[in-house]
Structure formats: C-alpha cells, structure tokens
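Oh and the sequence shown: position 55 is 123 in our numbering, straight run, nothing missing.
Source of the hints: derived by calculation from the structure; they are not laboratory data. For clarity, every value in this text was computed on a predicted model and none was experimentally measured. Cβ atoms here follow ideal geometry from the backbone N, Cα and C, with glycine treated the same way. It is possible that part of the hints are untrue.
As the list claims (entries may be wrong) - Okay, the calculated beta carbon distance ranges per label pair:
hint	residue 1	residue 2	range
1	Gly130	Val84	39 to 45 Å
2	Val135	Ala103	29 to 35 Å
3	Leu117	Lys141	33 to 39 Å
4	Val138	Leu108	17 to 23 Å
5	Asn112	Ala140	15 to 21 Å
6	Ile132	Trp85	24 to 30 Å
7	Pro113	Val139	37 to 43 Å
8	Asn101	Val138	36 to 42 Å
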Amino acid sequence: MSDKLVDGEAVAAPSVWRSVKMVAWSFLGIRSNRAYQEDLSKVNPMHVLVVALVGVLLLVVGLISLVNWVVAK
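Take these sequences, add in the hints, and give me the full structure.
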C-alpha cells in the first residue's frame, strides 16, 4: 500500500479492505467515534458506497434464505 504525504504526515491510500471493515463495523453499530473519524478520513467514498450496497444485498438475501429455510421445515 502506498502512502501519501499530506502536510508532512504520511496518509494511507484508500483501500477496499478498509472500506469493508468500516461498513461492517457500521452495520454492527459498535464503532467508537474516534476510530470512525479516523477511518472516514482514509477511505474512498465510492468504495464505501459499493461495499455498503453489496453488504445490504447479502443481508437481505441471507434473511430471505433463512426465512425460507425455517418455513420449509
């Protein structure tokens, strides 16, 4: 991962993995504000949007599958 220098400080380049972790913590709702702000400054908004949409899609499909499995028994 390449780092960029901003105001003399190294800033990590946005990555999809960081976006996945941020969205997963947001789904759980147990992220501290300091860590959230730190992640927010280090992610690409498009990555977060795509990861969130995929996460919601997986959640909905998983819930539908679970309901169908329970009802089928």
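Cross-check of the supplied hints:
Range check, glycine 130 to valine 84: about 21 Å between beta-carbon atoms, so the 39 to 45 Å window is missed. A beta carbon spacing of about 34 Å between valine 135 and alanine 103 agrees with the range 29 to 35 Å that was offered as a hint. Between leucine 117 and lysine 141 the CB atoms are about 37 Å apart, so this pair conforms to the stated range of 33 to 39 Å. Distance hint check: the CB atoms of valine 138 and leucine 108 are about 38 Å apart, inconsistent with the given range 17 to 23 Å.
Taken as a hint, the range 15 to 21 Å is violated for the pair asparagine 112 and alanine 140, whose Cβ atoms sit roughly 41 Å apart. For the hinted restraint 24 to 30 Å between isoleucine 132 and tryptophan 85, the CB-CB distance of approximately 28 Å keeps it satisfied. Proline 113 and valine 139 have their C-beta atoms about 39 Å apart, which keeps the hinted 37 to 43 Å range intact. In this structure, asparagine 101 and valine 138 meet the distance hint of 36 to 42 Å, their C-beta atoms being roughly 37 Å apart.
In this structure, the earlier hints numbered 1, 4 and 5 are contradicted, and the remaining ones agree with it.
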